[in-house]
Structures are given as C-alpha cells and as structure tokens.
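Peer 1: So you can see what is in the structure, the chains are spelled out below.
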Amino acid sequence: KQEVTQIPAALSVPEGENLVLNCSFTDSAIYNLQWFRQDPGKGLTSLLLIQSSQREQTSGRLNASLDKSSGRSTLYIAASQPGDSATYLCAVPDQTGANNLFFGTGTRLTVIP
Amino acid sequence: NAGVTQTPKFQVLKTGQSMTLQCAQDMNHNSMYWYRQDPGMGLRLIYYSASEGTTDKGEVPNGYNVSRLNKREFSLRLESAAPSQTSVYFCASSLTGGQQPQHFGDGTRLSIL
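First to last, the protein sequences are chains E and S.
Note that this note's numbering numbers the first sequence so that position 1 is 1, with each residue one more than the last.
Note that this note's numbering numbers the second sequence so that position 86 is 86, with each residue one more than the last.
Read the hints as simulated data drawn from the structure, not as lab findings.
Predicted model only: the values in this text are computed from it and were never measured.
Just to be clear, a hint being listed does not mean it is correct.
Simulated pairs of lysine-lysine, PhoX-like, Cα-Cα distance not exceeding 25 angstroms [what the hints assert, rightly or not]:
id	chain 1	residue 1	chain 2	residue 2
1	S	Lys57	S	Lys71
2	E	Lys1	E	Lys68
3	S	Lys57	S	Lys9
4	E	Lys42	S	Lys71
5	S	Lys14	S	Lys71
6	S	Lys57	E	Lys1
7	S	Lys9	E	Lys42
Start from the sequences, fold in the hints, and give me the full structure.
Peer 2: Pasting the structure below:
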C-alpha cells in the first residue's frame, strides 16, 4: 500500500521568507501528485496537481516539483505571507483503480508577521 | 456558490447512538466520497460513489453505511457509534469516476463519548 510522508509536521517562518515543504511516497508508480491547503476548521482546497510526465507546476507564488524516481515532491512558497498560514497536504492516487487518494499527514505552516 | 455542503458541522454522541451525516453538492458531479481525518494520520477513504446508484468500500468502511440518495446527495450513517469513530469527516466530489476527489466540504466534527 502506498505510504505518504510529510516532514516536518510543523514549520514557523518569518514573513517574507521563501520556504520548501517536503512530501515523500513509497510507490513511485504514480499517475500524479496533488498538493492541498487546509485552513483550520475548513475543508481541503486543491493548490496544484502535477502529472507524472511533468517535473514542475506553478501557480502564483507556489511551485511544486515532482521526482518520481526518488519518490519525492516539494512545494516551494516564495515570499511567504501570514495568509499562507495553513496545513499543507500532499496526496497521490490509488493505483489499484479505486477512486481514492492517499494523503500525507500534512505540514502545519505558520508565517509570523 | 456553495460547492460541497456538509451538515451538521459539529455533533456529540454517546456510545451506541446512531446518526447520519449529510452531504450535498451543487456542481452536478457524478462521484462523491467520504473521508475521515484523525490526528497523526492522513485522510482515509471510508466509502465512495462513482456514480448515482453505486457505492463501494474504501480503506476503512467498518462501522459505516452510505446511501447515494440522488446525484446531489451522499449520506454516511453510523448505526452504533463507538469512541473509535471520533473524527473529522469530510465529504468530497469529482466530476467523473475517473477523476480524483477535487472539491471538499468543510467537515463534520464528531465526538463519541
């Protein structure tokens, strides 16, 4: 079964700093990888989806990279803002055919003004 | 622009009680999902419905039942609640069965005493 790990579990940075969040997965035969944001008391919002054929995907200040062979993805956030404070989750699809995502436990980011 | 709506937002039950969590989406999506989120664990799929009239078990279906009432609504029922079912429950949807869950509700926080 696919296992998804995110380290660190929590991260605090001063406003304006660039930062990287890490995601690793055990089975490299993935179709894609998705990054989500979760605000306290809220559901998940999809940020970026990288197909297995892609190496990077960008949206505004966010850049996600994917290295299938090493089983890793990173989410780069440029010029962090207090509004970026949230939990960031990565997820990969179930390759067995079930319409499921395997989620990491997330990194809780706090951007300090 | 509601998206995925879950009711109730909070609920406290006693062991052995039953309850139904409601989920409705207004995006004309075919597929709907129920996940649970527990501290230190990623979201785990309980049940999903690839299309109206079909339901399938996910990773952790024991103790739950589901009903796809129509295209819009997908309910999750706990017949005899147990403390191990204390969790945050998320409903999600996607346009087709071939897609991964994309849109999430804000969750139902359920405590079982």
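Peer 1: Looking back at the hints listed earlier, which ones does the structure fail to meet?
Peer 2: 5
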